[in-house]
Amino acid sequence: MIELKSKLADYIQALKASGACGPVVDWHDAVLKEHPEYTVEDLGHLFTNKEDFDDGWAFWVFELMGKEMAEDFRLYTIGLIKSPKWCVELLQTCDYFSEKEHALLKAKYTGKLPTVEKEIWDGKVVLQTAKAVGVKG
Amino acid sequence: MAEWTSIHLPGTVSDSGATWANVNNVKVNDTSYATVTINKNSDSSNLFCSNFGFSSTDIPVGDDVQGVEISISRYADDATHLSDYQVTIICQGGQPGDNLASASKWPTSIADVTYGGQSELLGFELSRDDVFDSLFTVLLKCNNSDTVSARYGYVDWIGVRIYHGTTGGGVVVPIMLYHYMHH
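In order, the protein sequence lines correspond to chains A and B.
Residue numbering for the first sequence follows this note's numbering, starting at 210 and increasing by one per position.
Residue numbering for the second sequence follows this note's numbering, starting at 883 and increasing by one per position.
Some hints could be false.
Unchecked claim - Listed below are the simulated DSS-like cross-link pairs for lysine-lysine, each with C-alpha atoms no more than 30 Å apart in a straight line:
#, chain 1, residue 1, chain 2, residue 2
1, B, K909, A, K225
2, B, K987, A, K321
3, B, K987, A, K214
4, A, K242, A, K214
5, A, K309, A, K321
6, A, K321, A, K276
7, B, K987, A, K291
8, B, K922, A, K259
9, B, K922, A, K214
10, B, K922, A, K315
11, B, K922, A, K309
12, A, K315, B, K909
13, B, K922, A, K276
14, B, K987, A, K276
15, A, K321, B, K909
16, B, K987, A, K309
17, A, K340, B, K909
18, A, K242, B, K922
19, B, K987, B, K909
20, A, K242, A, K216
21, B, K922, A, K333
22, A, K321, B, K922
23, B, K922, A, K216
24, B, K922, A, K225
25, B, K987, A, K340
26, A, K291, A, K276
27, A, K309, A, K333
28, B, K987, A, K327
29, A, K225, A, K242
30, A, K340, A, K276
31, A, K340, B, K922
32, A, K291, A, K259
33, A, K216, A, K340
34, A, K340, A, K214
It is worth saying that the hints were derived from the structure and are not from the lab.
Isolated chain B, as found in the complex:
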């Protein structure tokens, strides 16, 4: 049976371009926001969050990583144009994983949304070391479908929860029962 960690916030946040401002506000759940300005019918630059600080205290030796859940607390300046473009993870500095972006528009008041979960590995086979690595990164990119005006997004915090446990444990009991019943 899977267990799960608490939600960890990033220790490091950076922007690949120039559309994000005050990116370090994403590190803390405190209603101080990173802001993104996206030109009309355009995408934002990438917001990279890493250094989540997972350790053996969170995921014990012998456990497998079974799922990743990403949480983002965000809102936009209007209800009809700003949405996710890419929500994913990057491991060991490699290629991004599956894109968990939603097509729902960002709300106009602050709200948390979660992606992935108990059995979502975004196309990776993740180990504890992958998750412990300071390069384990969440990537957020969003887009503005307004063809007339720039739009603004606000992110309070981005967090990650890891689901973990041992695999195969559930098989042992049925096999033992089988032998017991047939001897």
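Same shape as in the complex, but just chain A:
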């Protein structure tokens, strides 16, 4: 499992194993070459210090390797998401979120997307069910 304190090199290995595309791996390899001491958390800071940081990254990393992410990494990533719509996309797509993670994501869109909330209430849009424990599965 990849934690926030995991080495960047291990994270890149996990990305490769999960099928990340060449340009993405190349970019991470370049960061590793420049900062061999980096952890996953350092990489997170590198992302969030960018003015054009895109919530879509969180969706990408969860869909690619969410099941390989430890709870602290997953909670950190959820904390980076500002867009209510990406939270809904995650809950529609990912079937491994714990009840805690599910609740955090739900809190980010509740009261902000009235059409979506009605669609969920009516059953027109279906979210994945939270797992009792946020582990592989």
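Following the hints, complete the assembly by docking chain B onto the known chain A.
This is chain B only, laid out in the frame that chain A set:
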């Protein structure tokens, strides 16, 4: 009781970035499309539609604006990745209103969808002047949840209908009846 206008199409359409093309096609219901190209796991830029041309002919003096309905005719190149990110209005050049985006994916054949309606004011207290203003704007932004490929969306037209009427008229009759019954 509310009345409603016909659907008005925008006289002005613009793109805040570079993801939309042929934006003026949104002005006409004719199966010519504005197209949006969205990179993998990304959002589009904003499509702004304004200058809807509402006037006193549509909403008479004395009527209040009671609801806003936005209609969008659109489709996508696949059925599972492209959806709304933001559907709202902007008044007087200010902040966007409530986000009426749907979580449903765009269909792969052209279809109309409506947002809001008879009592939806998107968090604003809208006046006739707000709606008549050429800056009264519909904002559409969409997102691509495909983590592998760029996706494409197509918009034929975007329209607005306004629900309007007088408020308080329904209270008068019950009060008159009350007095009649007690004198």
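Tested hints:
1. B/K909 / A/K225: violated (46 Å)
2. B/K987 / A/K321: It holds: about 19 Å lies between the C-alpha atoms, which stays within 30 Å.
3. B/K987 / A/K214: Not satisfied, since the Cα-Cα distance of roughly 37 Å exceeds 30 Å.
4. A/K242 / A/K214: Roughly 18 Å between the alpha carbons, so the hint for A/K242 and A/K214 holds.
5. A/K309 / A/K321: holds (20 Å)
6. A/K321 / A/K276: holds (28 Å)
7. B/K987 / A/K291: holds (21 Å)
8. B/K922 / A/K259: holds (19 Å)
9. B/K922 / A/K214: Distance of about 28 Å is within 30 Å: holds.
10. B/K922 / A/K315: With a Cα-Cα distance of about 24 Å, the restraint between B/K922 and A/K315 holds, given a limit of 30 Å.
11. B/K922 / A/K309: holds (28 Å)
12. A/K315 / B/K909: violated (36 Å)
13. B/K922 / A/K276: Satisfied, since the Cα-Cα distance of roughly 21 Å is no more than 30 Å.
14. B/K987 / A/K276: holds (25 Å)
15. A/K321 / B/K909: holds (29 Å)
16. B/K987 / A/K309: Holds - the C-alpha atoms of A/K309 and B/K987 are around 27 Å apart, at most 30 Å.
17. A/K340 / B/K909: Violated, because 47 Å separates the two Cα atoms, which is more than 30 Å.
18. A/K242 / B/K922: holds (26 Å)
19. B/K987 / B/K909: holds (23 Å)
20. A/K242 / A/K216: Status holds; Cα separation ~13 Å.
21. B/K922 / A/K333: Judged against 30 Å, a Cα distance of about 25 Å means the pair holds.
22. A/K321 / B/K922: Holds, because 24 Å separates the two Cα atoms, which is no more than 30 Å.
23. B/K922 / A/K216: Holds, because 27 Å separates the two Cα atoms, which is no more than 30 Å.
24. B/K922 / A/K225: Holds, at roughly 18 Å.
25. B/K987 / A/K340: holds (25 Å)
26. A/K291 / A/K276: Holds. A/K291 to A/K276 sits at ~22 Å (cutoff 30 Å).
27. A/K309 / A/K333: The given pair, whose Cα atoms are some 24 Å apart, holds under the 30 Å limit.
28. B/K987 / A/K327: holds (15 Å)
29. A/K225 / A/K242: holds (16 Å)
30. A/K340 / A/K276: holds (12 Å)
31. A/K340 / B/K922: Distance of about 28 Å is within 30 Å: holds.
32. A/K291 / A/K259: holds (15 Å)
33. A/K216 / A/K340: holds (28 Å)
34. A/K340 / A/K214: Holds, at roughly 25 Å.
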